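A.B. asks: Each chain, written out:
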Amino acid sequence: MDVQDVPQDGNATLGGHRKAVYARGAGGTIVAVESAGWEAEEIVTLQAVDVFDAYTEAARARVVAGQSSPLEYWMYARRMDIATFAQSCGVWRWRIRRHFRPAVFARLSPALLNRYAAALGIAPETLRALP
Amino acid sequence: MSADFQHRHAAHCESGTVANLLNHHGLPIGEPMAFGLGGGLSFAYLPFVRIQEMPLIAYRVPPRAIIRGVRKSLGVRFRIERFASVAAGEARLDALLDQGQVVGLQTSVYWLPYFPEDMRFHFNAHNLVVYGREGDEYLISDPVGEHPVRCHRDDLNRARFAKGMLAPKGTLYFPVDVPGRDIQPKAIRQAIHRVAWSMLAPLPIFGAGGIKGLARSLARLDRTRPDSLRLVGHIVRMQEEIGTGGAGFRFLYAAFLQEAAQHAERPALGEFAERLMDIGDAWRAFALAAARMVKGRDPFDPPALAEHLFALAAAEKGFFTELKAAVS
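As given, the protein sequences belong to chains A and B, one line each in that order.
So in the numbering used here, spot 103 of the first sequence is number 103, and the numbers just go up one at a time.
So in the numbering used here, spot 299 of the second sequence is number 430, and the numbers just go up one at a time.
Note that these hints are calculated values from the structure, not bench results.
Keep in mind it's a predicted model, so treat the numbers as computed, not measured.
Where is the CB? At the ideal position from N, CA and C, for every residue including glycine.
It is possible that some hints are incorrect.
Per the computed footprint, the stretches of chain B lying under chain A, defined by three or more beta-carbons under 8 Å from a beta-carbon of chain A, are [to be verified]:
#1 137-150
#2 188-199
#3 241-253
#4 273-279
#5 377-385
#6 406-412
Use the sequences and the hints to build the structure in full.
C.D. replies: Structure follows, in structure tokens:
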């Protein structure tokens, strides 16, 4: 890639930031160049973001329908799957899944609620409901 | 207080952090040289390791390997510390900053608020430099950012002590013994040899064999399953989005080879740099074709994408075989 071919597509996913990429400059010397982004990157980044957004919205619908607890909603809203969340809070996956049941979630001990809330970076009261 | 620290924008967090720290300690070194001496280039495809539902695909060595490689190549000593508690890690960082020390940190990406929202995923091996503190705000030189930023104490603590895979455990590091001497040609050649050797490992998960393994998986994809397109997008993300300098670190390594040609008494390395740039262009062509399919502009055709990767596997196998011979 030559310096003049470095994409400057202005990716929305970069939030106005630029990234450094390496390209062939004058005389063939390879140098770092600021890039405002490449559309190919934007497409795949948004794809990954969309996956979690879709999970989050599906979880919200389940919570509203009384089929799941806000814990599932918040987990996906923080871009975690159940494996990542289990590692973050140190609770076994099957136990977390059990706490997705609204009736079980309603009886959670304050200690466990705090632990979940800390791993998600929110206040325990926030965790009790949808935003 | 803050130390006088020069922020330099880099493609990759670990090589950028190491290079900027060494510069601060009087050893002039650019990101490509740090990346190359650290033996940063690699390829791994571990379908049995799943991260956020996707297989592990990496175009580089595991976290911390670059620091390790630079230590070995340059004879620099780093002091590396981990902490059992947030309080201890925070106190130690503050104490070091108060002494005027500039400190490298391992952190999560997700919990750094200054990162663009769409780039915040749970990856725990990000590297950055803290060069000062004003009240409860740390002054941060994140090498993948254009400019220095600030980060509140609570946010940085959360990022430093995120749990899960590759948990940073508050890891901080700084060079303690930086030799002022020139970079030895032999060290450069050995670093290149290590990379070439690992790229030629006779396994279907590492190096050129790993690229071929990934190509085989791609060729077998069921195009009717939604997961299939997600895997394709995931490959391109690992190659382009995650601070690689373009083409999955191939352009960055080419920059190193070009510099090495002058330093390592091997002028032929300049031609290898050119060849690797061309291989990088082929990686970019693959990424573009893949992204167009993800977006639905072109029909999803896994075997066509696999063909790109089979060709790249062959090209890299040839390239690294000859590169290894050139530095032996």
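A.B. asks: All the hints need checking, so say for each whether the structure fits it.
C.D. replies: Checked hints:
1. 137-150: Since 3 is at least three, the answer is holds.
2. 188-199: It is violated: at least three residues are needed, and the segment 188-199 of chain B offers just 0 whose Cβ sits closer than 8 Å to chain A.
3. 241-253: holds (count 9)
4. 273-279: holds (count 3)
5. 377-385: holds (count 5)
6. 406-412: As far as the segment 406-412 of chain B goes, the hint holds, because 3 residues have Cβ atoms under 8 Å from chain A.
Violation of the numbered hints given earlier is confined to hint 2; every other hint is satisfied by the structure.
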